[in-house]
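Enquirer: Protein chains in written order, with this note's numbering: chain D, 3 to 406; chain L, 3 to 406.
One should not assume that every hint holds.
Any copy, or any two copies together, can satisfy a pair, since identical chains are not distinguished.
Claimed, not checked - Only pairs whose alpha carbons sit at most 25 angstroms apart, straight line, appear in this in silico BS3-like list of lysine-lysine:
1. K14 / K378
2. K63 / K336
3. K27 / K365
4. K399 / K31
Keep in mind the hints are simulated off the structure, nothing from the lab.
Because the structure is a prediction, the values reported are computed rather than measured.
There are 2 protein chains.
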Amino acid sequence: MKLISGGICAAKGYKANGIHCGIRKNRTKKDLALIVSDVPAHAAAVYTTNLVKGAPLTVTKAHLANGTAQAIICNSGIANTCNADGIEKANAMCELVSNTIGVSADDVVVASTGVIGQPLNLEPIAEHIQELADGLSENSGEAAAEAIMTTDTVKKEIAVEFTISDTVCHIGGIAKGSGMIHPNMATMLVFITSDIAISPAMLQKALSGDIANTFNMLSIDGDTSTNDMVTVLANGLAGNDEITAEGEAFNTFMKALNTVTVNLCRIIAGDGEGATKLLECKVSGADTEQAAKLSAKSVVCSSLLKAAMFGADANWGRILCAIGYSGADVDVNKVDVSFRSTKGEIAVCRDGAGIPFSEEQAKEILLEHEIEILVKVGNGPYSACAWGCDLTYDYVKINGDYRT
Amino acid sequence: MKLISGGICAAKGYKANGIHCGIRKNRTKKDLALIVSDVPAHAAAVYTTNLVKGAPLTVTKAHLANGTAQAIICNSGIANTCNADGIEKANAMCELVSNTIGVSADDVVVASTGVIGQPLNLEPIAEHIQELADGLSENSGEAAAEAIMTTDTVKKEIAVEFTISDTVCHIGGIAKGSGMIHPNMATMLVFITSDIAISPAMLQKALSGDIANTFNMLSIDGDTSTNDMVTVLANGLAGNDEITAEGEAFNTFMKALNTVTVNLCRIIAGDGEGATKLLECKVSGADTEQAAKLSAKSVVCSSLLKAAMFGADANWGRILCAIGYSGADVDVNKVDVSFRSTKGEIAVCRDGAGIPFSEEQAKEILLEHEIEILVKVGNGPYSACAWGCDLTYDYVKINGDYRT
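With the hints as constraints, model all of the structure from the sequences given.
Expert: Right, here's the structure in full:
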């Protein structure tokens, strides 16, 4: 398996584009993306568990009920959530795609991201949908990745190449997400494309299994979004024998998918609103998978620990504190904590109590941009990893007046 | 019932003092408090549910097993938590009090607040305990309130006078708490004194019942502290017939206690680390008490909403979002939202969707220091109130390098 370029168009038979259509006032910011498969693809998705759901998710869920899709349209700027006419407008977006590129409206995945509760104006989309379609290309995946960004400061794309029984297959993905990220059985917006042949049921199984250890272990700010969604399309153009059951081929696909999703998690966490650091909390030695996951996620969610990491302050007491209130069944008197970065590793807590360490060395390690927080909670067999970021002045700035 | 001055010494038979003994380097900051009842008092307490517990809590819990106490000692600066010798040192603090003022060590409540994981130096306490005791006075409650402060910017004290069958009774309280506040069956440090006569069992019942609607509905930053504790002493010097069962007298005491605790909640939330605003989320119309509480608490815990309030931005979508992921069983299509302050009230969301409103008027309302967020989730009979504060640059600053 190897990482390759090409993002959402890395797999065979996908074209994409992204433009500024006018939903956003800022003309330099693209706000409309389109991704199309040459042939109908099997599709699967997971959605936010927030009771407040964006209208596009309701429409997408209905369209994916038969396990197939061929196109994805996504706008940024307006979430199309908490609007009385939301469903109507999400359906209209699918119709516009259908009328322009000739795929069935039922085969369109629709997504929106941005401000909640402000009406979505369809006019800019209707006026520019032809321009968007005309620009569809295998080389424009980057434009699509840019068009779905909101407060993101970097575009998020990744792709891998791997083989199943000597057949070369690909998975590519793009994501948007920077704030309101605390996935719970779903996540921010992620679109994944593959040329693998796989049944809809196995595709859903792969996706649902994967996100439990990837996007659901990611938190920027503890706020589960109303518009979270991950969709994956698999158009079968790689030519492998269709995967219809568990086995070696399915495991290979799962591994490739996991490479894509873990990379997207790391990129999203590192680009959290206002973030200066990516935090990876790796918990080991737990007696149960739940204890490992609860502990890891609680640490990356702690506002106090996040602020300490911004200040490169080795305030490990806040890690113990976060594990203590996480609900995880662990013996807090057996917890060891170390910090690690490219500058080295330093142990700061052994058996739940502080040990002498060089504050100078700790500071040097914590001044790096990617920080690993290594926590051993006992001698059990379970481990987990969670991703997050530091809490900074810029998070407050970005969210103090987001709508203007 | 009326609010009176006097704080922790407002009730009959209590003396207090607070000094700088040297646990903190800053000589202008008091760091050691002592509160003493003239006679042994009935006592009750609730403690943090964090698995990581400060050593003082373990010692206090043992001392309160018989339902009586006579003195409270509390230092700030060091939490005496996650230290191998923590219990030993907490016991030593009680012995110092016992040897100096002649109460039994078993009747001493001990508490510490400050940095986790750094050893507590007993020397400054031993050297200054006599000075602390010599200054005990009915007029020094304020000094005790100051000595337990950490990042607090204002001292927190309150007192009420009320009557039970024509007997005048009093309750006074002080609190410290500014960060690491997200109580769960307990809270930050609160010491309450009363001259009422009440059995230990009824005192505990009153306290446990009260905090479910007061301190457990308060959040500054989502981090449940390791050293949370609320203790109440009742020395009986008011001369009322001892309360030993539910009834009118018990209800009057509960109401007075609630006045003290709600006021302390409001003061704590308004003085949250870096806070510029007190947020009160009042949820009504819920079908269950749990739905009302979960909704209210989720709103005041949302980092995004807290940042929006800092910016005086009427971003009500974040309120809907927070209710949606709160776990509360509510129909999000029936949610109404208004903002209220001394500048007026403005409705911004009706039946889960935005309604036109004056951004200018909303800004004027939200620029005030005390903001009520009024949420109606349906037509059910249950309501709840939660307290919080905005998320500001200063929260990040305070916590980016707390230990230095």
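Enquirer: Taking the hints in turn, state whether each one holds.
Expert: Structure-based check of all given hints:
1. Taking CA atoms no more than 25 angstroms apart as the test, K14 paired with K378 passes in neither setting, with 43 angstroms inside one copy and 51 angstroms between copies.
2. Taking CA atoms no more than 25 angstroms apart as the test, K63 paired with K336 passes between copies only; the shortest distance there is 23 angstroms, against 45 angstroms inside one copy.
3. Taking identical chains as interchangeable, the C-alpha atoms of K27 and K365 lie at most 25 angstroms apart only when they sit on different chains, with a minimum of 22 angstroms there against 42 angstroms within one chain.
4. For the homomeric pair K399 and K31, the shortest alpha-carbon distance inside one copy (20 angstroms) is at most 25 angstroms, but the shortest distance between copies (32 angstroms) is not.
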